[in-house]
Structure formats: C-alpha cells, structure tokens
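The primary structure of each chain is shown beneath.
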Amino acid sequence: MSGTGNGGVIANLFRRQYVWGIVAIVILLIVNSVKDPRYLALSFNPNNGALVGNVIDILRAAAPIMMIAIGMCLVIATSGIDLSVGSVMVVAGAVSMQFLSTAPNTPGAAFTALALALGVSLLLGLFNGFMVSVVGLQPFISTLVMMMAGRGIAKVITGGQNTAATNDTFRWIANGYVFGLPVVFLIAIAIVILLGLLVRRSALGLMIEAIGMDPMAARMAGVNRRGLLLSVYTISALMAGIAGIFATASVMTVDISRTGDQLEMDAILAVVIGGTSLAGGKFNITGATIGALLIATLDKTVVFLGVSSSATPAFKAIVIVALCLLQSERVRSAFKRRRSTPVAPTKKEEVAAA
Amino acid sequence: MSVATQTPDQVKPPLAERLRLRLDFLPTVAAVVIFVGMIIYGEAAYGRVVQMNTISNLFINNSHLIILAVGLTFVILTGGIDLSVGAVIAFTSVSGVMLINAGWNAWLVVAVMIATGGLFGLFSGVLIQYFNVQPFIATLSMMFLARGLASMLSTVPERLPEDSSILVLATQIKLIDGPKVNDLVITPGVIIAILVVAVGWFILHRTRTGRTVYAIGGSEPSAALMGLPVHATKMWVYVISGLLAGLAAVVYTTRLGIAQNITGVGWELDAIAATVIGGTLLTGGVGFVLGSVVGALVLGLMNVLITRDGGVPPEATTIITGGILLIFVLLQRAVLAKQRD
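Heads up: the sequence lines are chains A and B, in that order.
Note that the UniProt record's numbering has the first sequence beginning at 1, numbered continuously upward.
Note that the UniProt record's numbering has the second sequence beginning at 1, numbered continuously upward.
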C-alpha cells in the first residue's frame, strides 16, 4: 500500500472509513499471531482439494454476515432499518431443513429446498416492504414485529425441534471447496459483486440514496419511492435467506433458538464499520463487506483468546459505541479544533471564514 | 384513564364528536376492551379465570413486566426507544446475586442493582443526547454490552441463598382467605409495581417533568423554543427506564431466587408491546402509564389463556404477540391518519 509512493492516493484511501476496518482486521490477526505464531499458516488437504487454516475459517464464517450486511446496507441507505434479518435466517434454515429431512438425498431435493427457503424469505421481505412503503409504518417497528414473529414461525415449521437432515449437495454449499477456497465464501463474494454492479452501474443506488437523503425531494424528482422501498426490504430478506442457508448448511441442522440470533446487530455493525451513516442517504457495499470480515475476525479472535463466546456482544457493543462517537458532530468538531490549534496565527481567520 | 373507561359507556348524542376529540384514547380503550373480552372468553371457554388466585398470579407473575412497561412509557412518550431493558435485567440480577453470595449486605445490593440499571440508562442518554446517536442504536449497543458483561460474570444459574433477607420481597401475603387455594394473594413485589405505576402516573400527569416529556414527544424543537429543559429531560427518561429495569430485576430475582445471563431475553419487546398496546404512540407525545399496565396485563393474560388452551403450541406465543403488536400499530396509524384529516 505504502509502496506506491503517491501521497495523494494514500491520503485519499484513508479518507474512506473502511480502511480502518482493514487496519482493525490486520491488528486482530497480529494479536492472534502473537499468541500462536502459526495462526496464519495455511496447509493444503489433498483429499478434498481444500486449503486449511484459521484464515479460511474466518472467510467461511464471514459469508453469512456479508450477505446480511449488504442487504442491511441498502436498507440503511434509505434511512430505514431491518431488525428481522436474524429471524428471516432461521425461517429460511427451518424451511430447508424441514423439507430435506423427508426428501431423498439428491441434488434435485437440494435445489427445491433452496427455492423454498428463498421463496419464503422473499414473502417475509415483501411483508416488511409492504408495511414500510404502502402502510407507512416506521421501519424499525414493522421489522421488530417480523423479528418477534419470525422465530415463532420457524418454531412452528419445525414443531419446536432442532431439525437435522442429510443432503450432500446442500451440505457442499457450506462445506465444499473450489480452487482450494470454501464455496460459501466464493458464492458470497459473487453475490456481493453482482449486487454492487447492479446498484452502482445503474441509477438504482443513486435513487436509493435519494430516498434516504430527503424523501420529499426524491418524490419531486420522480423517484418511485414505494417500489424502491419494497424492493430494498425484499432484497434484504433474500440476502438473509441466503445467509440462513449458509448457516444451516454448514451443520445441516437448524437450531431454532440460536441460528441467526442477534445477527441483526452484526449486520448493523458491519454496515457502520464500512462507513455507511446510520442517518441514511449514502451507502458503501465494499465497506459493509469489509465490516463483515472484521466481525468474523473479531468473533474468531475472542474465542481464540479463550473468552467465552457468549461475551462477544460486549466487545461488539464497545466497537459500535466507539464508531458512533466518531461519527457524531461533537467529537468531529473537537478533533478539528485540536488539529487547527498548532496554526495559531491563522486561527482567527479560520474562525471568521467558518 | 378515567375518561378512557367512561367513553364507551356514554351514549349521548355528541358521542361521535366527543370521540373525535378523544381519538388519542382510542387505542387505550381498544386495549381495555380486548382485556375484558379475553377475560370473558377465557371464563367461558376454560373456566376458572375470574377467580382470586388467577388474578393474584396474573399480577405476581407480571409485576416485573409492569415495572418495565412504565419505564418504556416514559421513553416512548419522548419519541425514543429503549431496547436495553432485558439485558440490563440480566446483568443487574446476575451481578446482584453474585454480590450477595460474596457476602454483601442484601439490601445494599438491592440499591446497587437499581443504581447499576440507572447507570446503563445514563450511558444511553448521554450517547443519544450529546452525541446524536439514534436511540435504538444507542440502546441496542447497551443491550449487547449488558448481555455480554452478564455472560462474562457467569453463564450458569446463580442461586440466591435460601435465607437471604431480600426474599421477603417475594413472600406471599394473603389478603382474602378464600376456599381451598382460591386466595387473593399479594407480594411486596406487586406492591412495588403498583407504587411504580402510581409514581409514574404522578410524574407524567402532575409535574413539570411530565409535561416536558409529552412536549418533547409532540415536537422537540417547539419544546426547546418554549424554554423547556429538553436536554435534561431526555437524559432523565433513559435514566428512569434504566432504574426501573434495575428495580424489575430485583422483583424478578427475588421471585425466582435465581439469576442467569440469559434472563430477560426478548423482554424489551414484551415491554414495548405492552406500552404500544396500552395506547402510547411510537412517534411520541401520546400515551398513558395506566394504558401500559393494561397492555402488560393483556400480554400476561394471553400467556395464561394459551397455557389453559393447550391446543396452541407454546412456540406460537411470539407470533401471537407480534400479531397483536402489529394490529395495534396499524390502529395507531389509522388514528393518526384520521387526526390529520
């Protein structure tokens, strides 16, 4: 990075908030390497053509978080929020596992399960979108209802059991390898790139941001607010459905009380780390992806350092509080003031100019 | 509230006009009607609902929820939200029981528990008021912080000593000795909940602070222009919510005698649902403490009926709660739209 020698490029890069996410990932990896020097080592397993190592584990764990993070990213850009992603995940997982538990172990059954899970997620997303765009409820309350009801729906689907199933094709999605990398990560990256191209190479992204900045102005400019909101919440639920498939396929069991539990917080955190303002009006898909990678690294680090995994929420809370403080005007202006103090002679002029 | 219960009974000619003026009360009236309807249905379908021990248990088992709902009413009236209450209960009860087991004076620990809750609330309040963090983000992070800290302290059930003096808060006092086990029973926990409701009602409807809370929910800039102490009041509502979460932790822990890091998962949703069902608008400015109590009792009675029915799978409880919450939010939405006409 620093080898380019061009100061302007580096300065430009550091203006992007997600660079701090990369820095944090590197720091965490260094911390882990200090504890165990072989932490970053990769080995090759010739039996299934897979690379094996902690970093690969992190990539695998990051895939579902990446999915919900980019969905959440678009929702937050419209100055909304989707608290139901975790519940949609568990519903998608429950639908696919319940179907596969009685279906034959064939690729066809796996694809049917995929279609079913994504179809149900689509419906839940449409419901959220309808409540927000047509009925006009606050996004936070309509998705809160879905968050409560979704887990109940999953429990009803499986009859309160943690349903397990066997299907080699479905299992391959989460545990297979292509070119030595986990399939699940490759799929996730492909979806991120596709969605990124879709919203950034067309006017869609701009229109989504317009809704978040000023709904009135967007309407005056002829942006179809209703349709866009509906599709944004549907996309978010679809992404959550994919994340639910990833999460259940890796163990081929849906844990109705823990699959996707509190992952909405992870998604929000990833989005904020990536430099998307919670006030809406702008989004950064690359940033959200890096945020998701950072969260996966943080999760693995906490466990690696021997802290109980149920304590990770506390660390995430500290990170999100710190980021919110950095985003706030009060802290920013305090920083600016301190930066401008060394140039004392021109200080008066600066104040006057401001 | 007195008006709310009277309106449906008045069959005078200007009823429609009166109702239009009193649209604010409609959700609360609906909650009361639903509560009465549920009691009648329960009595008709399963029997043994309108009797003293069922009513006593309804209050004893939901006293913590009533306390939480009062706190949430303050917060939601200002147009904010507090998602941290359930996790705050987990942290305060786990830490409290551990302190008692470490030999601290039990009543001192009660004070510490309530103060800890207030501290979490203060932290949310500072983030929201001075750093412009959105309420649900600030309190969501407090929820994670409290839950994580509770899990760091312990992940197994922590037991209160059998002879602990604060267990007196859960002793059952017989008010009316009915036939067999059909007694009207009350615990100090219920009395605390009733006191909290009374004080909450007094503060909201009879003090300047209460008027300011309503004014902020109506329009924050207008409240500030009127010279009301907006900053201090917005901080206070989160502190109140935190303090009451600590108090609810005391009541709940003494009733059960154990505390665990997973205590109170999803209670913030129950408390929000109770408040919304009771007629407090999520946009702020409209609502009643007593309505929230009715909301909490509706949720409690729903659980009783589901248990009695036996046909409804217990898994479906959250769907029903979510459905009821949705219906009431839609009702609020309709009322607001009507008012704008």
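Some hints could be false.
Taking beta-carbon pairs under 10 Å as the criterion, some of the chain B residues facing chain A (in silico) [what the hints assert, rightly or not]:
1. I81
2. I137
3. L145
4. T155
5. P157
6. P161
7. V265
8. G323
9. L330
10. V335
11. A337
One-sided and incomplete, this derived list gives chain A residues near chain B with beta-carbon spacing under 8 Å [as the list claims (entries may be wrong)]:
12. I141
13. V156
14. A314
15. V321
Keep in mind the hints are simulated off the structure, nothing from the lab.
Note that the structure is a prediction, hence the values are computed from the model and not measured.
Where a beta carbon is used, it is the ideal one built from N, C-alpha and C, also for glycine.
Does V156 (chain A) meet its interface restraint, that is, does its C-beta lie within less than 8 Å of any C-beta in chain B?
With Cβ-Cβ at 6 Å, under 8 Å, it holds.
Satisfaction of the T155 (chain B) interface hint, Cβ to chain A closer than 10 Å:
It holds, given that the least Cβ distance between T155 (chain B) and chain A is near 6 Å, below 10 Å.
Hint validation: V321 (chain A) versus chain B, beta carbon distance must be below 8 Å. Holds or violated?
holds, 5 Å
With chain A as the partner, please determine if L330 (chain B) meets the hint condition of a C-beta pair closer than 10 Å.
Result: holds, 7 Å to nearest chain A Cβ.
Could you check if A337 (chain B) really has its C-beta closer than 10 Å to a C-beta on chain A?
holds, 9 Å
Tell me if V265 (chain B) is really an interface residue toward chain A, meaning its C-beta lies closer than 10 Å to one of theirs.
OK, holds: V265 (chain B) within 10 Å of chain A, min 9 Å.
Please verify that hint: I81 (chain B), Cβ, nearest Cβ of chain A, below 10 Å or not.
OK, holds: I81 (chain B) within 10 Å of chain A, min 7 Å.
Using 8 Å as the Cβ threshold, decide whether A314 (chain A) counts as touching chain B.
Since the shortest Cβ distance to chain B is 2 Å, the answer is holds.
Proposed interface contact between I141 (chain A) and chain B, which counts if any beta carbon pair is under 8 Å:
holds, 6 Å
Tell me if the interface restraint on P157 (chain B) is satisfied: Cβ within less than 10 Å of some Cβ in chain A.
violated, 14 Å
The hint names G323 (chain B) as touching chain A; please verify it with the least Cβ-Cβ distance against 10 Å.
Where the cut-off is 10 Å and the nearest Cβ of chain A is about 7 Å from G323 (chain B), the hint holds.
Using Cβ atoms only, decide whether V335 (chain B) comes closer than 10 Å to chain A, and label the hint accordingly.
violated, 13 Å
Hint violations for this structure: numbers 5, 6 and 10, all remaining hints satisfied.
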